[in-house]
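Chemist: Residues per chain are reported as follows:
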Amino acid sequence: MQERHPLKGEAITKELLRPLNQTPMIFWVAVIILGGILTAFAFAVGWMFYWGLGTTGLNTPIFWGFMITNFVFWIGISHAGVMISAILRLTQAEWRRPVTRAAEVMTIFSLLTAMLFPFLHTGRPWRTVYWVFPYDFDRGIWPDPRGPLVWDPAAVFTYLTGSTLFLYTTLIPDMALLRDRSTGWRKTLYTILALGWRGNERQWKLQLVAGILLSALILPVFVSVHSIVSWDFAVSLIPVWHASIFAPYFVIGAVHSGVSAVITLMALMRWLFGFHNYLREEHFDSIGRLLVVVATGWMWFFVLDIIFAMFTRDPRELVVMEQRIFEWPYAMLLAFVFVFAYIIPVPVWMFQRFRRNIKIMFWTSLMVNVGMWAERYWLILPGLERKFEFTFMWSWYRPSIVELTLVFGSFALVTFLLLLFSKIFPPVAVWEEMEGVNFAQDIQVGKRTVHATIREE
Amino acid sequence: MAFREVLGVYKDLDTAVAATDAFADAGFTREDFDVLTNAPYPEGAFGEDPGRHRLFMFPLIGAASGFAVGLLITAGTQLAYPLVTYGMPLLSIPPMIVIMYEGTMLGALIFTVLGVLFESRLPRLRLGVYDKRITYGSIGILARVPADRIDDAEKALRSVEHENIVSENDNGDVISENEYEPRGAQA
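Here the protein sequences line up with chains E and P, keeping their order. In this text, residue positions in the first sequence follow numbering that gives the first Met the number 0: the first is 0, and each later residue adds one. In this text, residue positions in the second sequence follow numbering that gives the first Met the number 0: the first is 0, and each later residue adds one.
One chain only, chain E, in its complex shape (with noise of 0.2 Å):
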């Protein structure tokens, strides 16, 4: 049965927006913490493209670490937050209202901060602007389609789009909200993005209609999208990389560790805001329950893709296999990965008392991401430690404290982000809040009256 929050009208506006009004604290110190680290991460970002990559532990033949596994690393935050938006969306489950909107904000600052981190690994990233744009029709340079790494920025540029116009339409309603509340610069911005709502019917129908449509077209875009970024390394000849499997693995791992960090972030809000009438227990629960599904569909891939390596016989493929199973420090590496991403978690999930308790989620959801962001650096880095035929190349890869402030600044820049938009922006969809009630029923079952929520078909 759907639990059900004790306040109605006006009074859920005025807690969705204290976040808006009021400043407490801790988000200051949060604000000096993430500035600090944002600030190393600037210099970090300079340094390196003023003494150029080698100021990183790249070198030949290793020309992927610690920025291309982050990469992967957002791009997998970013999915669970559409993801979860739009099949609540589509299935019109009732407790998706307090969820979808953190959600898809979070898919876009991820996803900004997963761009980011290609520009910087080319060293030079000013120089994209002219390699890529435009066309060079003089030279007879243009970009090569047959290759990876233009499907890349094409699906992710496109996931991108479609999700910051997902957020935009759902956003406008309460921006006429905050137009009519508001003074001063603020009044300017939200009347401007208001685009002059005045919410009669029909504006609300399209904005219901608008919400599973989008969700409808977002959902195959974002299996796209990893599966894209997963061919960056399977079209690849490298051994261990070059696997038919890796589309859905990629994707199922993307799901486990972004409705992970899904989680994370809706206890960091029922804390931060106090929006404990919104974010339940019951929400953690469902989100739980999903997670042991997900979590045991990632460690079946993940079981497969060894299998399937073992399975080709290819001496190149063993020889990687080995060193990532059975030697230093990768072995200790798998290790983690299965603790910190299943073996404590699932279990704990499998509870329904544990699902119920946010800090326990928030524990267990942080393990995940810090296991999955291993398991990202465990499937790029062994493939290119090794010799390599022809050049006989071979290197280790050791990340620089330049690499380490980078991935550190990453989760404060996505932290900072969020933080930013939750003073600008409700954090939580008021009007769908209010949706919810007007759409709530109390049904009298004989002697007993039940919460009811009336669905339209």
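If you are wondering where the hints come from, they were derived from the structure by calculation, not from laboratory data.
Subject to a maximum C-alpha distance of 20 Å in a straight line, what follows is the list of computed PhoX-like cross-link-like pairs (lysine-lysine):
#, chain 1, residue 1, chain 2, residue 2
1, E, Lys422, E, Lys13
2, E, Lys13, E, Lys186
3, E, Lys186, P, Lys131
4, P, Lys10, E, Lys13
5, E, Lys422, E, Lys186
6, P, Lys131, E, Lys7
Listed next, with one range per pair, are the computed distances between beta-carbon atoms:
#, chain 1, residue 1, chain 2, residue 2, range
7, E, Thr448, P, Gly50, 33 to 41 Å
8, E, Arg447, P, Asn177, 41 to 49 Å
9, P, Pro88, E, Phe335, 41 to 49 Å
10, P, Gly127, E, Leu271, 38 to 46 Å
Because the structure is a prediction, the values reported are computed rather than measured. Every residue gets a Cβ at the ideal spot worked out from N, C-alpha and C, and that includes glycine.
Using the hints, position chain P against chain E.
Modeler: Below, chain P alone, put in the same frame as chain E:
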């Protein structure tokens, strides 16, 4: 024929529905008024469906456009600057499918949002006859009737207990009887 608008603002669903009944009793039809709210209500709460829309056409047009652009970029690139590899066909179909797919979806997404805005008649540069109370939870019944019947419409809206009546004069200026200055909840 010139049309004019008048808005009645009601504090709850019951009085708003009573206003729509009074409006119907005055000889107006469902097409003559619109309901302004701060959140969707179940369909039919204020009478029959307010009209059809063509939103479903937009993603189809967008998808076709996106597909065409994807085809143009991929096929055009390979044909304009041919790179023959191992004597294989010049147009490499699988990579083309990837780009065309993304183009198709991008076109569909962009056109869907454009369709939502177009069908919702947004952006609207001037709010016109409107009251802030609506986003505070009140319900607005917005009558749009021929100018010669505006007095009848206003009378019908006034016949029920209301919070405000907003109308426009002959010059298009908005006149609000009872301006709302809310307390608290300022963003």
